[in-house]
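Visitor: Let's have the full structure, built from the sequences with the hints guiding it.
Number of protein chains: 4
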Amino acid sequence: MSDVSVSLGANKYGKAENRVVRVLRDTARHEIADLNVTSQLRGAALTDSYLQGDNALVVATDTQKNTIYAFAKEHGIPSPEQFLLRLSEHFVREFEWIEGGLWQAEQYEWERIVVDGSPHDHSFVRKGQGTRLATVQVVDAATHVTGGVKDLVVLKTTGSEFAGFPRDRYTTLVETDDRVMATSVTARWRYLPEAVEAGIDYNGLYAEVQQVLLETFATVHSLALQQTLWEMGKAAIQARPELAEVRFAMPNKHHFVYDLAPFGLENPGEVFYAADRPYGLIEGTVVRDGAAPAARAWLDIPTSI
Amino acid sequence: MSDVSVSLGANKYGKAENRVVRVLRDTARHEIADLNVTSQLRGAALTDSYLQGDNALVVATDTQKNTIYAFAKEHGIPSPEQFLLRLSEHFVREFEWIEGGLWQAEQYEWERIVVDGSPHDHSFVRKGQGTRLATVQVVDAATHVTGGVKDLVVLKTTGSEFAGFPRDRYTTLVETDDRVMATSVTARWRYLPEAVEAGIDYNGLYAEVQQVLLETFATVHSLALQQTLWEMGKAAIQARPELAEVRFAMPNKHHFVYDLAPFGLENPGEVFYAADRPYGLIEGTVVRDGAAPAARAWLDIPTSI
Amino acid sequence: MSDVSVSLGANKYGKAENRVVRVLRDTARHEIADLNVTSQLRGAALTDSYLQGDNALVVATDTQKNTIYAFAKEHGIPSPEQFLLRLSEHFVREFEWIEGGLWQAEQYEWERIVVDGSPHDHSFVRKGQGTRLATVQVVDAATHVTGGVKDLVVLKTTGSEFAGFPRDRYTTLVETDDRVMATSVTARWRYLPEAVEAGIDYNGLYAEVQQVLLETFATVHSLALQQTLWEMGKAAIQARPELAEVRFAMPNKHHFVYDLAPFGLENPGEVFYAADRPYGLIEGTVVRDGAAPAARAWLDIPTSI
Amino acid sequence: MSDVSVSLGANKYGKAENRVVRVLRDTARHEIADLNVTSQLRGAALTDSYLQGDNALVVATDTQKNTIYAFAKEHGIPSPEQFLLRLSEHFVREFEWIEGGLWQAEQYEWERIVVDGSPHDHSFVRKGQGTRLATVQVVDAATHVTGGVKDLVVLKTTGSEFAGFPRDRYTTLVETDDRVMATSVTARWRYLPEAVEAGIDYNGLYAEVQQVLLETFATVHSLALQQTLWEMGKAAIQARPELAEVRFAMPNKHHFVYDLAPFGLENPGEVFYAADRPYGLIEGTVVRDGAAPAARAWLDIPTSI
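Protein chains in written order, with the numbering used here: chain A, -10 to 294; chain B, -10 to 294; chain C, -10 to 294; chain D, -10 to 294.
As the list makes no split between identical chains, a pair holds if one copy fits it or if it spans any two.
Computed list of lysine-lysine pairs in PhoX-like fashion (alpha-carbon distance at most 20 Å, straight line): (1) Lys242 <-> Lys116; (2) Lys242 <-> Lys139; (3) Lys116 <-> Lys139.
By construction, these hints were calculated from the structure, which means they are not laboratory data.
Guide: Right, dumping it as structure tokens:
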């Protein structure tokens, strides 16, 4: 021990992973929204909760949880972005010492079960193809909103090559002009503040961006996963004027051609071993030219998978 | 220590979780099969590998792995059941001291990415809705085959009640005539040996059984998850004459009505907390009357989720 | 559909993964037991809950949960085995139509944090080395008890070889007289009924068996993982007269010598790549000679990892 | 599509989760280091790999992997920090267009198995208590080094209260002066650049900081998890002059007193339900006064659990 003096740096606190399911049952045709919501608050006045254990200004994490569930009833969940915006406005407005925070959501999509050819009114099967993401960040009196998707697993059996890379003492990789390329896309897109202000059809945008990402992955002849990432981001921004930038993390999920030569068999790209680890990890951001940068929008939001 | 004497009881050994991806690329329209295959062998003659470390009869787990990948090339993977049958026949026939074994597979389904309205030739997105299961068991000179599905997550927002249960000192649960019911279906169906012998359209059957399970879940007015399970199994067996029995493990994934009364809000089945643990765990088997029982078919196959 | 008739086969139901933490605070030196408990019931009379949704005899899974927590208070948790025995006796005695069931527990061990050289009275750090297991099975009017451990991860850097195995067309594995051997031990031991009857120091036995397993793994010069498994089981049974049999599932967690030759480096067993999948999967049971067999003791208990 | 123009923003790429195990076998008493290493590179010159798929400057992720394994042989792994420093120096020096990158490691600790009272020479059991962390960041011509720990799970059965928090419409939480407090500590500490320069006993420091964190958790009477976090960070910085700051993410793993009143039982802090989700999530950084700030040190390093 000693007389070393220390100070409190960056901090935030809240309640994580509130699993809220909202059912709209106004008619016999029910609708559901299934979210995992995290709420965290920041404020210089909270310093004493760390230094002294003084909780006088600590909006309890339990209160944050209650608010999430109450708001699901009071305001509904038209989209994760709008739901998080509501929450953020509440905490910043209701408690003057709360300067900002980070609100995050995952949304799990459900499809109606088809019975005799018709989608059922109140029975659903989880879609399982990608998880929708959203965040709202309030910092320095500005509000930033992102949407996104993760766990969107795609694969192409041809139309991908990798060659022309430098070789050093530690390079053994053989060049290829035809390989399997597979990845699990994590993409987060930041909305232009003026678009947020004007109002966005977040659900329609999500569907469209997801489709654009898939189509671009499918149709780009890939010289590198980096290039595919770039083309996917470019296509998304070109498709939707609301997007300021798209940030990707894409593992290169290696599929190795299994060596069948010892068994007297050829293997012209037919049998693969799908490896777990290690994997390539390609990250990049595609930015709309002219969009004002907003580094703080991404504060504490994981960059990677 | 002591002169206590011991013997070797039940045993098997092999290579687990071989991730094999098979691409059919005979035409520009590629097909893929994506499997996780486990192969394990049994035989009285293997006792000495345990007792003495004598490996003279131990078909190496590495050899089992190589065989899986080689067979993917030589025989293709028309269905997981047929692929496992091929493997089982090989090991039992090729090595006279191998009396049997257990072969298991998971299959991950992929959909073609739709580009400009048309399914793409060689680009896929993982379906993510349920994982297909298959096993082949060879024991006591008989071969048993099962198919199945797991992680098929379904939910209904009404049409489910739970009441009439006995009450004792430890009972606090309130009866309900309208609740959310959600589960993640694990179902394994055993094929009748005569159907296996005659040949089965395993892929068509899988699609049909999955659809029957979903439809039944959707349309049965549920008095208990047990009853829903029973109706699902009955419908599957009635739909497909190849099925001898269907074994289910279905967690009751509780969705609790969040208490909003402290906030002056009503909550008539609109806002739920989706709990992780604990969960109900309902298991049951539905058996076709007249089908010969085959307890050994299920040897070492997990009953539960 | 059709007039196909079906019947209910094997079934059970209950509440899974009840996370109960029991604190003994009679003195300033607190004790804790941290368990994950699953309770499931069986009985022919429960058939109508499946066939008709008639819940008149369904001891609610919520009631089973309440009972677990109430019993933690009323009877304490001296050991997981004793706690499950209490639960099993209660359900079978209290509800005449409950013929049996399966009760399972995981126990997470905690160590006291050492402060100034002394173990603290009420602050703990999770041990993280193996998870303790226990089950009680009541079936056909008999009660069977097992203990066990899982996730006990061990590795030896030498003293392991693998050679002498048969070679066929698909064999490429090279023999080795010195390899890294690593596994994650899952072991379940069945107690002799007469020992259960007489009373067992379950906690002392667990500590001793775990130590015997570790010592045997360490000291046996291994010719195959099968042989190591056998020696571990034999040593456990020789150490403790209460054990009827020990059932193991041991993955062979492969550590491959990384090929450094392309870089002009030798690699005499120094640098390894630790692979995830596939892995060897070795299973076996070591049985005390003369112990009465009890196949039903293992009903629905997972054999594998 | 359109004539929208876009640019490449932040990016990096590499190979993730290389599982490398290094054995020192110079004497009969072997030593092991077991790491999970991720290497990622950055450089403005890499832009064309994204924009054009031009790989001329792309040090292949496979080459990065090979380098990791080769360096484990050539330079050994005295500590994760030193190993990552070596890697970072290599890539930045060897490839002039590589401006920097992020290197990350997890280290899994092993204990010697004790046989007849003596630690064994070459047999180990995985410790399982916390995972060691390290990162090296090279950015803007500066090198930043952090150490850390995650999954260090601690619990105290008393000595924790939570009261005095504000109440609004959505507050229902009851104040408590005695609760169970449990968390899983993730802590990352940044080393002062001058200490890195001078050389640090990273292994000794890790052991000491972990012990200081545990002791502080144990002995601080907690008014809030925030306060415990602060005291833990302060104690670490006071204990080791090499530390510039410590960043924590600590989930409040709720243990709820189970309501036994309906069963006529009291529950004075004896029986708890350990919940999974939601959980509190408390984050904060403790900074040595006078240490130069280094925001870029934390670039892309996850803040949370």
